Amino acid sequence: MIAFSQMDNQSLIELQGVTKVYGTGQAAMHALRGIDLGIEEGDFLAVMGPSGSGKSTCMNILGCLDTPTAGVYKFKGIEVGKLTRNQRTRLRRFYLGFVFQGYNLLNRTSALENVELPLIYRGVPAGVRRERALASLETVGLRGWESHTPGELSGGQQQRVAIARAIVTEPAVLFADEPTGNLDTARSRELMDLLTGLNRDRGITIVMVTHERDMAAYAKRTVRFLDGLVEKDEQNGRAT
Amino acid sequence: MLWNTIQLALREIKRNVMRSVLTILGIVIGVGAVITMVTIGGGATAQVKEQIASMGSNLLMVTPGKRLGPGQSSNTVLFKVNDGEAILRDVSSIAAVAPVSSQSIQAVFGNQNWSTQVTGSDNQYFRVTNRSIRTGRQFSDSELRAGAAVCIVGETVRKKLFGGQESLGGNIRLEKLSCQVIGTLEAKGQNTMGMDQDDIVVIPLRTYQRRISGNQDVALFQVSVQQGASTDKAQRDIRLLMRERRHLSPSDDDNFNVMDMKEIAKMLTGTTQLLTALLSAVAAVSLLVGGIGIMNIMLVSVTERTREIGIRLAIGAFEREVLMQFLVEAVVLSSFGGLIGIVLALAASVWLASMLRVPFVFNAGIVVIAFLFSAAVGVIFGYFPALKAARLDPIEALRYE
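Protein sequence lines, in the order shown, are assigned to chains D and G.
Letter by letter, the first sequence follows residues 4 to 243 in this note's numbering.
Letter by letter, the second sequence follows residues 28 to 428 in this note's numbering.
For reference, chain D alone in the conformation it holds in the complex (with noise of 0.2 Å):
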C-alpha cells in the first residue's frame, strides 16, 4: 500500500515543470515541455488545444497511466513519478475515473456488467456492486437500459454508460477524453449538463479534454495548450 499518510492540504492535483519526451537523440519529440498546473477539489477544468499540443500526454500523466520524463507530478501530495506501475494502478482503481475517447466500453457485454467492472476491481461483493451500478446507470439516465449491450445502444446511451463506469467508483477526479466528440449539440448539451450536475452535486473533479469552445464554456475554468506548454489558463465568466 502507499503511504497515503503524505496527504496533505495541499492542491489535489499538482504539476510543476514536468515534461514528456518520446524517444531518444535525434528522433526526440518534446510532447511536453514543462507544464505547471495546479487542480483544487470540486474544480471543473476544460483542456483545449489543437492536436499535437500534447493535451493527451499531460492528461495520460494526469491519469497515471504515464509518468513524466522529468519534473513532479503530485497527487494529493504523492510523487506519481516515483511509484510502481501496480502502486500507480492502485491510485487509478481508488481515486480516478476515466471517460476514454470512443467510449471504449466492453463489447458484447451488458451496460450493467460494463458498469459493474470498476467494482469488480475494486472487490466489491456481487449485491452491492449490482445496486451501485444500477445506481450509477440511472444517474446517467439509463435505468431500463441495462441488460443492453454496447451494440445495442446508440452513441450517446454509450457514452452515458461509460460516465457510468466512471463515476459508480465515486471517484475524487474523472478524466474524460473528449466526451461529446461523437455526439450531435442536443445530445453533446445533454451531456455537459450531466457533467456539471455531477461536479455540481457530488463534487467530483473534472478534466475534461474538448475541441470546442461551446463545450469548454460548461466547465470553471479553461486550460489552452500549444507546443506542449500552457497557453493560456483562465477562470470562465459563466460557472455554474
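The hints are simulated quantities; they were obtained by calculation from the structure and are not laboratory data.
Keep in mind that the hints are not guaranteed to be accurate.
Anything over 12 Å on all C-beta distances counts as not near chain D; from chain G, calculated [what the hints assert, rightly or not]: (1) S159; (2) G241; (3) D280; (4) A308; (5) M322; (6) I367; (7) A375; (8) F389; (9) Y410.
Just so you have them, the derived chain G footprint on chain D, three or more residues with Cβ under 8 Å [unchecked claim]: (10) 63-73; (11) 86-93; (12) 117-124.
What you are looking at is a predicted structure, and each value in this text was computed from that prediction instead of being measured.
Using N, Cα and C, we set each Cβ at its ideal position, and we do this for glycine too.
With chain D's structure known, arrange chain G on it following the hints.
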C-alpha cells in the same frame, strides 16, 4: 477474487462459444485418444493374461526342423510316434505327451459343410491343451489302436454342421473318411493369436495317418510338464534326448525345436503392452498439439481483445489480475476440453472394446492423469499469451484499433 476471475473467464467463454469449441477440439481429441488407447490396450493385456491362465499349464511344444538362418535350407526330419513315447518314458517330471498332426479339411454333414482343422491325436491331447469333453466320451483304447472312424468335434464345428440337431452319433465326412461323432468339446474361445480354438475336429492319430496323411509321421508333440516341476529343465532334457535319438554330433545344430508356450504368451503380452505404450505416446503428442492450439487461439484472443485489456488495466486491474484472467480462461477451456475428451473416450472405449472383442477395463488412473494433464496444458500454454496481455501498456492498448 479468484471466484470473480473464474466468473469472468466463464462469461468470456460463453460469449465466444464457436471459438471456444474450436479451441478445445485439440484437447478433446488428445485426451480422448490417450484414454481410449490406454483403456483398449489395458483390455487387450488383460485378455492375453486371461488366455495364458486358461492355456494348458506348463506346456511345451516340440516341432521338427531347425530355426532357419539366412541362406539355410531345411532338411526336416519328421517325428514318429515312438519319439513321443520316448519323451514320456525317459524325461522325468513329464505329465503327458500328445502327438499332433493336423491339416485343414472340408467337413461335410448332410448339406452343411465347413472348412476346419482336423487333428489326429490321442486322449492325452485333451489333457495337455486343457480341454474337456462336454458331451459323449473320449476315444477308447481299441479305437485308438485300430484307427477307428470316430471323431470328437469342437463347439464351432458342431454349431456350423449340426446347428440345433443332435450331433452325437452323427456321421460327418472328412474327404474320403466318414466318421461318427462320439463326443463334443467344451468351448474355449479365441487363443492369444486370435484363432478360434473351437474350430477343430479331433480323430485318433492312427486314423489320421492311414486315411488322411497316408504316412507314419507326427507333425509335433505337445508336452505337459508336471505341476511344480521346472519347465526349463524339462525343455533341456527333451532337447538332449532328441539329439541323442537323432544321433546329432556336438557340432550339429538342433534339427527340431522345443518351445515353451508360456514364454511365447509372455512375449505377446509384452508386445501388447509395448504397442499400447507406443499408441499412447502418439496420442500424447496430439495432446501437446492441442495445447499449442490453445496457445494459438489465446494469442489471437489477446490481440483481438487488446482494447478490452487496455480498459481493464486503465480502470484499475493489476497486471496479475489480467494474467490470472487469461490463465484461468485457458485452464477452464482446457479442463473443459479434457472433461469432454474423457466422456468421449469412455464411450469410444466401450464401443471399440466390443468391436475388438477385448474386455472393457476402466482405468481410473489414466482418466485422472489425462484430466490433470489437460489442465496443466492450459496453464503452460496459456501462460505466455496471458503474460503478453498483462504486460500491455494501457495507453497503447486503448489506442489499438
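To see whether the hints hold, each was checked on the structure:
1. S159: 72 Å, holds
2. G241: Given a closest Cβ separation of 87 Å, the condition holds.
3. D280: Label holds. Min Cβ-Cβ 80 Å, cutoff 12 Å.
4. A308: Holds, because the least Cβ-Cβ distance between G:A308 and chain D comes to about 41 Å, which exceeds 12 Å.
5. M322: Holds, since 23 Å exceeds 12 Å.
6. I367: At roughly 24 Å from the nearest Cβ of chain D, G:I367 sits farther out than 12 Å, so the non-interface label holds.
7. A375: Non-interface label on G:A375 holds, nearest chain D Cβ at 35 Å vs cutoff 12 Å.
8. F389: 40 Å, holds
9. Y410: About 19 Å separates G:Y410 from the closest Cβ of chain D, which puts it past 12 Å; holds.
10. 63-73: This one holds; 4 residues, not fewer than the three required, reach chain G with a Cβ under 8 Å.
11. 86-93: holds (count 4)
12. 117-124: It holds, with 4 qualifying residues against the three required.
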